[in-house]
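Fit chain B to the given chain A structure using the hints.
Top to bottom, those sequences are chains A and B. Going by this note's numbering, the residue at position 221 of the first sequence is 246; the numbering climbs one at a time, nothing skipped. Going by this note's numbering, the residue at position 518 of the second sequence is 543; the numbering climbs one at a time, nothing skipped.
Hints are supplied without guarantee of correctness; some may be wrong.
Now the in silico label distances, taken between C-beta atoms and shown as ranges [said to hold, decoys possible]:
| hint | chain 1 | residue 1 | chain 2 | residue 2 | range |
| --- | --- | --- | --- | --- | --- |
| 1 | A | 386 | B | 230 | 56 to 66 angstroms |
| 2 | B | 130 | A | 162 | 37 to 47 angstroms |
| 3 | A | 44 | B | 587 | 42 to 52 angstroms |
| 4 | B | 230 | A | 376 | 19 to 29 angstroms |
| 5 | A | 397 | B | 54 | 54 to 64 angstroms |
| 6 | A | 60 | B | 320 | 24 to 34 angstroms |
| 7 | A | 229 | B | 538 | 51 to 61 angstroms |
| 8 | A | 261 | B | 54 | 47 to 57 angstroms |
| 9 | A | 377 | B | 168 | 46 to 56 angstroms |
| 10 | A | 66 | B | 168 | 47 to 57 angstroms |
| 11 | B | 286 | A | 260 | 24 to 34 angstroms |
| 12 | B | 230 | A | 288 | 22 to 32 angstroms |
| 13 | B | 29 | A | 288 | 21 to 31 angstroms |
| 14 | B | 210 | A | 260 | 57 to 67 angstroms |
These are calculated hints, taken from the structure and not from any lab test. Please read all numbers here as calculations on a predicted model, not as lab measurements. Quick reminder that beta carbons are idealized off the backbone N, C-alpha and C, glycines included.
2 protein chains.
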Amino acid sequence: MKFTAYILDVMTDSVYPARITVDEGVFKDITPIHVTEETKIDVEGLILPGFIDAHIHIESSMLTPAQFAKIAVRHGTTSVVSDPHEIANVCGIEGIDFMIENASQVPFNFYFTAPSCVPATSFETSGAILNSDDIEFLLQKDEIVALGEMMNFPGVINGDDEVLRKLELARKYKKPIDGHAPLVSGEDLDKYLEQCIVTDHECSNFQEAIEKKQKGMKIMVRDGSSAKNMEALFDFSERIEHLKNQDSFGIIPTEVLERRIYSPIFDFIVSDDKHPNDLIHGYLDKSVKKAADLGIDIIKAIEMVTINPATHYGLDAGSIVIGAKADFVVIDNLEDFNILKTYVAGECVFDGENVLFDVTEVEAENSIDATKKTAEDFEVYFDGDECEVNVIECYNGELLTGKTTATLNVKDGKVQPDIYEDILKISVVERYGGNSVANAFIKGFGLKKGAIASSVAHDSHNIIVVGYCAETMAEAVNEIIDNKGGFAIVSEDFSDSLSLPIAGLMTNEDAYVVAKKLDVLHRMSSALGCKLDSPFMTMAFMALLVIPSLKISDLGLFDGDNFEFIDVIKN
Amino acid sequence: MKFTAYILDVMTDSVYPARITVDEGVFKDITPIHVTEETKIDVEGLILPGFIDAHIHIESSMLTPAQFAKIAVRHGTTSVVSDPHEIANVCGIEGIDFMIENASQVPFNFYFTAPSCVPATSFETSGAILNSDDIEFLLQKDEIVALGEMMNFPGVINGDDEVLRKLELARKYKKPIDGHAPLVSGEDLDKYLEQCIVTDHECSNFQEAIEKKQKGMKIMVRDGSSAKNMEALFDFSERIEHLKNQDSFGIIPTEVLERRIYSPIFDFIVSDDKHPNDLIHGYLDKSVKKAADLGIDIIKAIEMVTINPATHYGLDAGSIVIGAKADFVVIDNLEDFNILKTYVAGECVFDGENVLFDVTEVEAENSIDATKKTAEDFEVYFDGDECEVNVIECYNGELLTGKTTATLNVKDGKVQPDIYEDILKISVVERYGGNSVANAFIKGFGLKKGAIASSVAHDSHNIIVVGYCAETMAEAVNEIIDNKGGFAIVSEDFSDSLSLPIAGLMTNEDAYVVAKKLDVLHRMSSALGCKLDSPFMTMAFMALLVIPSLKISDLGLFDGDNFEFIDVIKN
Numbered sequence: 026m027k028f029t030a031y032i033l034d035v036m037t038d039s040v041y042p043a044r045i046t047v048d049e050g051v052f053k054d055i056t057p058i059h060v061t062e063e064t065k066i067d068v069e070g071l072i073l074p075g076f077i078d079a080h081i082h083i084e085s086s087m088l089t090p091a092q093f094a095k096i097a098v099r100h101g102t103t104s105v106v107s108d109p110h111e112i113a114n115v116c117g118i119e120g121i122d123f124m125i126e127n128a129s130q131v132p133f134n135f136y137f138t139a140p141s142c143v144p145a146t147s148f149e150t151s152g153a154i155l156n157s158d159d160i161e162f163l164l165q166k167d168e169i170v171a172l173g174e175m176m177n178f179p180g181v182i183n184g185d186d187e188v189l190r191k192l193e194l195a196r197k198y199k200k201p202i203d204g205h206a207p208l209v210s211g212e213d214l215d216k217y218l219e220q221c222i223v224t225d226h227e228c229s230n231f232q233e234a235i236e237k238k239q240k241g242m243k244i245m246v247r248d249g250s251s252a253k254n255m256e257a258l259f260d261f262s263e264r265i266e267h268l269k270n271q272d273s274f275g276i277i278p279t280e281v282l283e284r285r286i287y288s289p290i291f292d293f294i295v296s297d298d299k300h301p302n303d304l305i306h307g308y309l310d311k312s313v314k315k316a317a318d319l320g321i322d323i324i325k326a327i328e329m330v331t332i333n334p335a336t337h338y339g340l341d342a343g344s345i346v347i348g349a350k351a352d353f354v355v356i357d358n359l360e361d362f363n364i365l366k367t368y369v370a371g372e373c374v375f376d377g378e379n380v381l382f383d384v385t386e387v388e389a390e391n392s393i394d395a396t397k398k399t400a401e402d403f404e405v406y407f408d409g410d411e412c413e414v415n416v417i418e419c420y421n422g423e424l425l426t427g428k429t430t431a432t433l434n435v436k437d438g439k440v441q442p443d444i445y446e447d448i449l450k451i452s453v454v455e456r457y458g459g460n461s462v463a464n465a466f467i468k469g470f471g472l473k474k475g476a477i478a479s480s481v482a483h484d485s486h487n488i489i490v491v492g493y494c495a496e497t498m499a500e501a502v503n504e505i506i507d508n509k510g511g512f513a514i515v516s517e518d519f520s521d522s523l524s525l526p527i528a529g530l531m532t533n534e535d536a537y538v539v540a541k542k543l544d545v546l547h548r549m550s551s552a553l554g555c556k557l558d559s560p561f562m563t564m565a566f567m568a569l570l571v572i573p574s575l576k577i578s579d580l581g582l583f584d585g586d587n588f589e590f591i592d593v594i595k596n
Numbered sequence: 026m027k028f029t030a031y032i033l034d035v036m037t038d039s040v041y042p043a044r045i046t047v048d049e050g051v052f053k054d055i056t057p058i059h060v061t062e063e064t065k066i067d068v069e070g071l072i073l074p075g076f077i078d079a080h081i082h083i084e085s086s087m088l089t090p091a092q093f094a095k096i097a098v099r100h101g102t103t104s105v106v107s108d109p110h111e112i113a114n115v116c117g118i119e120g121i122d123f124m125i126e127n128a129s130q131v132p133f134n135f136y137f138t139a140p141s142c143v144p145a146t147s148f149e150t151s152g153a154i155l156n157s158d159d160i161e162f163l164l165q166k167d168e169i170v171a172l173g174e175m176m177n178f179p180g181v182i183n184g185d186d187e188v189l190r191k192l193e194l195a196r197k198y199k200k201p202i203d204g205h206a207p208l209v210s211g212e213d214l215d216k217y218l219e220q221c222i223v224t225d226h227e228c229s230n231f232q233e234a235i236e237k238k239q240k241g242m243k244i245m246v247r248d249g250s251s252a253k254n255m256e257a258l259f260d261f262s263e264r265i266e267h268l269k270n271q272d273s274f275g276i277i278p279t280e281v282l283e284r285r286i287y288s289p290i291f292d293f294i295v296s297d298d299k300h301p302n303d304l305i306h307g308y309l310d311k312s313v314k315k316a317a318d319l320g321i322d323i324i325k326a327i328e329m330v331t332i333n334p335a336t337h338y339g340l341d342a343g344s345i346v347i348g349a350k351a352d353f354v355v356i357d358n359l360e361d362f363n364i365l366k367t368y369v370a371g372e373c374v375f376d377g378e379n380v381l382f383d384v385t386e387v388e389a390e391n392s393i394d395a396t397k398k399t400a401e402d403f404e405v406y407f408d409g410d411e412c413e414v415n416v417i418e419c420y421n422g423e424l425l426t427g428k429t430t431a432t433l434n435v436k437d438g439k440v441q442p443d444i445y446e447d448i449l450k451i452s453v454v455e456r457y458g459g460n461s462v463a464n465a466f467i468k469g470f471g472l473k474k475g476a477i478a479s480s481v482a483h484d485s486h487n488i489i490v491v492g493y494c495a496e497t498m499a500e501a502v503n504e505i506i507d508n509k510g511g512f513a514i515v516s517e518d519f520s521d522s523l524s525l526p527i528a529g530l531m532t533n534e535d536a537y538v539v540a541k542k543l544d545v546l547h548r549m550s551s552a553l554g555c556k557l558d559s560p561f562m563t564m565a566f567m568a569l570l571v572i573p574s575l576k577i578s579d580l581g582l583f584d585g586d587n588f589e590f591i592d593v594i595k596n
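Pulled out of the complex, with its shape left as it was, chain A reads as follows:
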């Protein structure tokens, strides 16, 4: 393939017209040309390196890697560094192997990290454990480019042997270590950094990011579906304030200072998670444009999704240079930033209308090992007329929960939820053969009837269910068991489900189908009175024990502030 085009060159921060030859998947030749009135430029628009998402959990898209690739290339993304943390919690190494194998079927660059924290805690039943031997096995694979985000920062700070061993192995195999250290600062952060953990994507504000950056970390600006901090980190008033407070004005010559205010001091733009209903509208293309709209130099924003991650993880990607893999994107212009075409290894994979590769369906083995449930499984029993209970308080779109209490009636020995006070039942059903069920109460969902259930429940992905009536809850859970995983809504008036038969996390369907089904489920949950925008997402985080305050695992109600189980019924 030979053509002329304007190249956005991330090496020299400029645009130049060139004659390009692509052969055997690589840029064989790139010769700058001089444009006169007669010169025919074949490609309308501008060509950019294909975008790289330096941090995503593909499972969050509910799509297989191959289906994920299909929607990603529509938005100019050609590479991702993916942490298969979710599937690893369900199926261990086998799950990671599945991701690698499935990813290899499509013209898209999937790089993976070795999930460092499986299981996330010892207070839940997961489908697998990855010990340091497993990590060593994974780190030796070419497809594994880093040790995945080290979420167990208390383990690092307190010097847990197994955690330290995993970190040491990453250094031994010269693979970078991704971090995850929300609000960790001061001496704790220093200890965390002693282990050569380099990246962080958990900064919730500018000051936190500045401290981490000053201490040598590379900062991932996050523009995901549930995780977002771009507005906070690209806040120029904060940047100027920072420079002022730190006495830079006065010491650094003013013209030097002014030039750097609009240059990002952070390193990557990543998604962390992307739901299908967002993915169909945009991906890193939208994030780059958003960064530019916030005032960031657009070329620097582009570098945050091209050359920067490529350099950090040592990927054959990120720039349009001779010898590099011919991954590139055609955009209309830097203002509108519409993706016109996407190429991977010299092949057009998206022509502006259609994605030009097929995806073969995956035969999913059932990963749900749970017996059918009855209403009795979801009852909390108490001997008396009423009792005081501990209640999880959830907030729309947040991972953090509050801890509250409620006084509930008891009928026939069963503690009753209170629809007027929005106190519903929440339960986690173990899905790895043990069949335990933990029951508790939750405030904030707003459901007036029915139940919603899901097999996506971070990080162990047991089945989680919220509802008013135990029968309906059992029905919803059983629907999920029948479907080999997924989402379900059950009520007297209507029921529906989205089957996620691959590890209970993913489906063979494409992004548009999944987004549509999710839309229907969301509308149903609203009809049932649910006040949350994404009830399945919010529910998925109710089992994420590492984020405070009150959470639930299959083993019981969990106090994240004190890192211990507590009783549902208060003494």
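Just chain B, lined up with the frame of chain A:
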């Protein structure tokens, strides 16, 4: 050690005041502080990371590594990546070991590269050969951080087996490869880059650097004693012209373009070579200030001698962050840029007046294996009254030479130089036991009497001598043999020499002493009529066969354009 100071933070491109604790040689703690009127800032000025010279041949300073360190720290440099190419040509692995050993005695960070091209050509007698097995041995050493500059670009381009093997070894041991590809462009450059050769310090103009940069190379801007390209590469009219020509204006939003004009697109500032008479006046400190004077953003210029080289070569240096080695410099301010103090691993090594470490003298083994010479050795014989000869034409301060001819008288069978036409005799005396002498003629030195000789003659460092009269030439060469190497000037009126007994390249003396002695020698050569500013340097390049056009080795007169020997006397 605990103190408060303003830090220039290369991670966030800003300045901030902090309380700093240095312990066991590392930054143990750095806590940003808020400055009020009462706050006492202990350190006047600003602290910066210690500077790193990413490419230098220490031998060019004529100082031992330890003595080099003594002068370098006066100017804020605390680390160098040094290619021991010169000593390797003389003494092979043993010479490199000497450099590493000598370097280890002082508080300074010496990193070395494995010299890739020893000998430089097969048209000269060198003291050693480093084959690919030797390179493999070297690449396994911790002190060796890269494969040294691959000067043999024809060998790379034409696929010489031994050259390719050395390059493959560097990739195997995951050590970056330094390049050296003057004026190599187009397809030749593409072939050179296929080998993953990453850096280049040989760009002589902006366009050359842009091509290399666009093709993915990291560009070293060179501000050495004989090698300089900073003015050419930091030329903003060129940069603006470049952006204009390449149609960046019109495609990239104007405000985005304007911001980047004064940001360097190149990567490092290096010296390549530094003579003692320059070193006593400044080093990278002067180069950074020069870059700023040329309009480059000073913080970016500082990054070119700190974080950029540290990241590229993977050095524990280049930024002031907790856990890093406490190498830092105190400067007065960013405009005047005077070095007030220098610290290496937390120890003050330069207090503004004195260097605070001692250097032990090296016992030098004699590396000159040559018998004493007589006048006869330096005669060119011809049977006739006159003859036409090929003549090297040298130019002040240039490595390139011209090729000219002259008609010379013959007396007693000996071809006579012509002082009126400035045709002098030039000879190279083999110093590795073989005792061959090659004689030829040179124009451009301007000597009216006497002879000057040197054992510094790139790349094989045989003894080179220029003069009018064979007796004086023999005397000058014998003086060097007596001195175990160095420089010598001999005339009827006066004689003097600088002994360089370590490999015939370096001395135990300090920079000030050497600079003073060099000054005397320079004044003497002027008194003898020499028109060159640095006759020893110019002479040293007359044996550098890889730079055209006419050169001389111990094996004869060499035509660098056709890469073959030619006769002194024309047919």
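Verification of the hints:
no. : hint                                   : verdict
1   : 386(A) with 230(B): 56 to 66 angstroms : holds, 58 angstroms
2   : 130(B) with 162(A): 37 to 47 angstroms : holds, 44 angstroms
3   : 44(A) with 587(B): 42 to 52 angstroms  : violated, 34 angstroms
4   : 230(B) with 376(A): 19 to 29 angstroms : violated, 41 angstroms
5   : 397(A) with 54(B): 54 to 64 angstroms  : holds, 58 angstroms
6   : 60(A) with 320(B): 24 to 34 angstroms  : holds, 28 angstroms
7   : 229(A) with 538(B): 51 to 61 angstroms : holds, 60 angstroms
8   : 261(A) with 54(B): 47 to 57 angstroms  : violated, 30 angstroms
9   : 377(A) with 168(B): 46 to 56 angstroms : holds, 54 angstroms
10  : 66(A) with 168(B): 47 to 57 angstroms  : holds, 51 angstroms
11  : 286(B) with 260(A): 24 to 34 angstroms : holds, 26 angstroms
12  : 230(B) with 288(A): 22 to 32 angstroms : holds, 28 angstroms
13  : 29(B) with 288(A): 21 to 31 angstroms  : holds, 28 angstroms
14  : 210(B) with 260(A): 57 to 67 angstroms : violated, 44 angstroms
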